[in-house]
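Novice: Below are the chains, spelled out letter by letter.
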Amino acid sequence: MSDTFRAAYASEFYKLSKNKEIVVLLLIPVALTIFVAGYLYYDVSQNPVGEIDGSINPWQGMFGKDVFQFFYLLYPILVAIFVHACCDIEYKNNNYKVLFTLPISKHKIFIAKVLFIFITVLLSVSLSYFAFLLCGYLLGVVLPEIGFQNYDFRSVSFFVFLKLYVALAAISSIQLCLSLQFKNFIYPIGLGMFLLVFSTIVWQKDFSDFIPYTGSFKSYLNMLSENTRFERLDYLNLCSVLVFLVGSFYLFKRKIYD
Amino acid sequence: MASIVTHKLNCRRGRNQILKDISLSVPKGSIYGYLGRNGAGKSTTIKLLLGLLKEKGDNIFIQNLSLKNDSTKIHFITGSLIESPCFYTRLTVSENLKYLDIIYGGGKKRIAEVLELVDLEQQRNKRASALSMGMKQRLGIAIAIYHDPEILILDEPLNGLDPQGIFEMRKLFKNLNERGKTIFLSSHILGELDKTATHIGIIDKGHMVFQGTKNELLEGVRRTIHITPGRPERVVELLIENGFSIAEKDEKSITVVVGKDREFNAMVQVLVHNDVEIHDISSRTVDLEQIFMNLISKNDE
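As you go down the protein sequences, you meet chains A and B in turn. This note's numbering numbers the first residue of the first sequence as 8 and each following residue consecutively. This note's numbering numbers the first residue of the second sequence as 791 and each following residue consecutively.
These aren't lab readings, by the way, just hints derived from the structure by calculation. Fair warning: this is a prediction, and the values are worked out from it, not measured in the lab. A virtual CB, placed ideally from N, CA and C, is assigned to each residue, including glycine. Please note: incorrect hints may appear among the correct ones.
Said to hold, decoys possible - No farther apart than 27 Å at their CA atoms in a straight line, the calculated lysine-lysine pairs in the DSSO-like style are these:
1. A:25 - B:898
2. B:888 - A:115
3. B:858 - A:262
4. B:863 - A:113
5. A:113 - B:888
6. B:1004 - B:985
As the list claims (entries may be wrong) - Derived DEER-like restraints, expressed as beta-carbon distance ranges:
7. B:920 - A:12: 51 to 57 Å
8. A:129 - B:968: 50 to 56 Å
9. B:800 - A:13: 35 to 41 Å
Can you make the complete structure from the sequences, with help from the hints?
Specialist: Have a look at this one:
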């Protein structure tokens, strides 16, 4: 027997990764990136633009804009569904009873779960980032007239995706709190969607930085403005991760007595 | 030596006192049948033993380990099945055990061994959600025994099993018991506990009404003797004179309540010495169900 973090993580990883649907869910953004690139190729092939004057960066003004228009709405929803699915696996059959009678400390199980969520979301964002770059390079090859090959967008896109990940980590922590509190998926998903829409409406207000969901919408703006700076919103998102994880741990421990 | 000991275990939910001063003593190597009506507090006791209820746990000891300080160690030496079998429905039968293997070790050999023990080898690649009720129960037991625990705590483990399944589970419990495992099981199937348990604990309305070996329980219970004498009136007089209590009488027969074997013997002596003509005499076999009903009806009073 091993009351080790390794055993806790390996067992959580094994159990959750067997639920392929929830992992595949996070591959949707990759598929979407490829789809947008495919559409761009189709659109330009159907309506040739001739030589572009060079004032428009296609990474940001065409491809990035279209991809992030989907991402800022889609990613938080996917993350909310994914996090709830990770909790739901324990709700079904009242498996918390099994979980809490394992000879592994509760905090190790909790950290293992959180790590699985963060790593999977990171993997999804990383794959989307690589898909974004790859599609851009391929578009530069097949459609040289648009000019993808004229710009080095690796650094900008890296920071935009990194800031998106920080926002998604904060959103994951909030969703974990909600999913541990509410068994019925309507509440965590519904509240998540409400906060997403609300933050999109109020993004210009000063207080919007305190709503991690704003980070998702701002990633779209970051892409348009090529903003790579870490700002108040990003630091507040990092703080939200810590605050909501502490809250989630409290709720997780309470599950023992449900 | 006792495997499970509790000192005056109490549990309160709001205004309801669920358990009141429950002091369990489950001897090592025993099969301890924990009996009680629905809502008597059986599952609550089991949850307390496993640390699944918000109580201090400083009066619960398992293998001399305090639940308060050594819950992780206790969870390693105990296997449990609480209320309903818990497993991951999206995983197959063997994947559920593989999940435990990552934590406890044991490898493919142990997985195969456990599947054979609970007779789920044929279903090893079946999704747990697709199993029948009885098979789910077996999977729950497989999960409980996977790490070869010294103590098994099982709440209604025979629920949903067909007669064949119950027979096989009984064999499994006896087999595990012969290997030195202590088994604490609650059940409402009294006949099954009668056949399996070596020790009995009876709880009613949160109070422990009996605890001891099955023989002690049977010894302390009065039994009924049904006599068909030639002259019933004369027999009634004789028995009352000699201090026996008559439970029932009609024109032809009398029902007498006696305690231990000595009392029965004394009654027979009275009848023989007085040259009573007896056409028929029978003793009703007292089973666990009757004893259980007697004890809880006393508690009701």
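Novice: All hints are to be evaluated individually against the structure, with a verdict given for each.
Specialist: Consistency of the hints with the structure:
1. A:25 - B:898: Holds, at roughly 18 Å.
2. B:888 - A:115: The given pair, whose Cα atoms are some 19 Å apart, holds under the 27 Å limit.
3. B:858 - A:262: holds, 18 Å
4. B:863 - A:113: holds, 13 Å
5. A:113 - B:888: holds, 20 Å
6. B:1004 - B:985: OK: residue 1004 of chain B and residue 985 of chain B at ~10 Å, within 27 Å.
7. B:920 - A:12: 51 to 57 Å: At roughly 33 Å between Cβ atoms, residue 12 of chain A and residue 920 of chain B fall outside 51 to 57 Å, so the hint is violated.
8. A:129 - B:968: 50 to 56 Å: Hint holds: Cβ distance 52 Å, inside 50 to 56 Å.
9. B:800 - A:13: 35 to 41 Å: holds, 39 Å
Comparing the model with each numbered hint stated earlier shows that hint 7 is the single one that does not hold.
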